[in-house]
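What follows is each chain in one-letter form.
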Amino acid sequence: MIADWSSDQRSFKSASWGKTMMWIFLVSDTFIFSCFLISYMTVRMSTTVPWPNPSEIFALDIGGRKIPLILIAIMTFDLITSSGTMAMAVNFAYARERRKAAIMMLVTAFFGALFVGMQAFEWTKLIEEGVRPWANPFGAAQFGSSFFMITGFHGFHVSVGVIFLLIIARVVWRGDYDQGRRGFFTSRRGRYEIVEIMGLYWHFVDLVWVFIFAFFYLW
Amino acid sequence: MKTAESENVPVAHGGDAHAAPSPRTEAAHGQQHPIALYLTVWGLLFVLSACSYLVDYFNFQGAERWGLIILFMLAKAGLIVAVFMHMAWERLALVVAILLPPMAVLVFVGTMALEGDYTHFTRATFFVSDGRQPVEAR
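Protein sequences appear in the order of chains A and B. For the first sequence, the working numbering gives the first residue as 1237, with consecutive numbering after it. For the second sequence, the working numbering gives the first residue as 30, with consecutive numbering after it.
Extracted from the complex, chain A is given alone in its bound form (with noise of 0.2 angstroms):
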């Protein structure tokens, strides 16, 4: 490590610029959702008022049956599932299968978009029981604002991820990569290492939702 550190011109021997580029976006983001995830710490230690119970408030009534938190655990496995399908559209990118690449992309994408649909329902039903950023009927007002910002904030990621899968699906799709055609915006050839640093920061919201689903809805 120390050779590696100390050596000419570059650090990082196994990753390209643009994939040690992404790490570092993604630890920067990191820190933000450190801010968000311990402020919600901190106003829920704080408050002397009780806390309200996700397991009840997040529970939806299917066939009659109250069942707790089940919404959160299909977006849990959904978000899962679409980690899955892009680690597959790395590996058939890589082999270069440019249509199973790209078909995997909209999957991932697809299952984005789903999750996306889910955070919309949850809110919706959320702000029709009467829950705001400032107050709500259950208890800790403090609850309504950690909620809209943590989860608002991890839904705009997702959103965020699915217009760039849908980008690189494209442009895979037509095989830029095989042709060498160069870039929209930067004028350079590409290559096929652009879905496996797409997959970095999709991976990396499924991975923030690991810390929101056990901080947020399980504590």
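Warning: the hint list may mix true and false statements.
Per the computed footprint, the stretches of chain B lying under chain A, defined by three or more beta-carbons under 8 angstroms from a beta-carbon of chain A, are [what the hints assert, rightly or not]:
id, segment
1, 66-75
2, 95-106
3, 116-128
4, 133-142
None of these hints come from the bench; they were simulated from the model. Cβ coordinates follow ideal geometry from the N, Cα and C atoms, glycine included.
Assemble the complex: chain A is given as a structure, and chain B must be docked to it using the hints.
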């Protein structure tokens, strides 16, 4: 600079005359791993998610609850970062540069936990001692 770009090989910025020869061989196929591995991890993530959901479903409380939640959370996070994000195959220099800085967040968590605890103490002492709602949460 653009000559080697079409190849599936990470190239150094600028003139790559001094680039280490090793990446060319070890990363020639990028991060390509058997599909079976991805499917295994995918399955494990499903199982772990189901486990953490069951913690809530069976309504575990107290130390059992948060212990299990954190255990399943860290297992899932580890699998995603190591396999899906290929951290297990990157060199130590990158792994340390990426994973070490977020560890500093734990210090932040610690200080804010102290702060939250103290705020709760002052509120409980000065605002809700008579059993009424605190002024700021009306």
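Tested hints:
no.	hint	verdict
1	66-75	holds (count 6)
2	95-106	holds (count 7)
3	116-128	holds (count 9)
4	133-142	holds (count 5)
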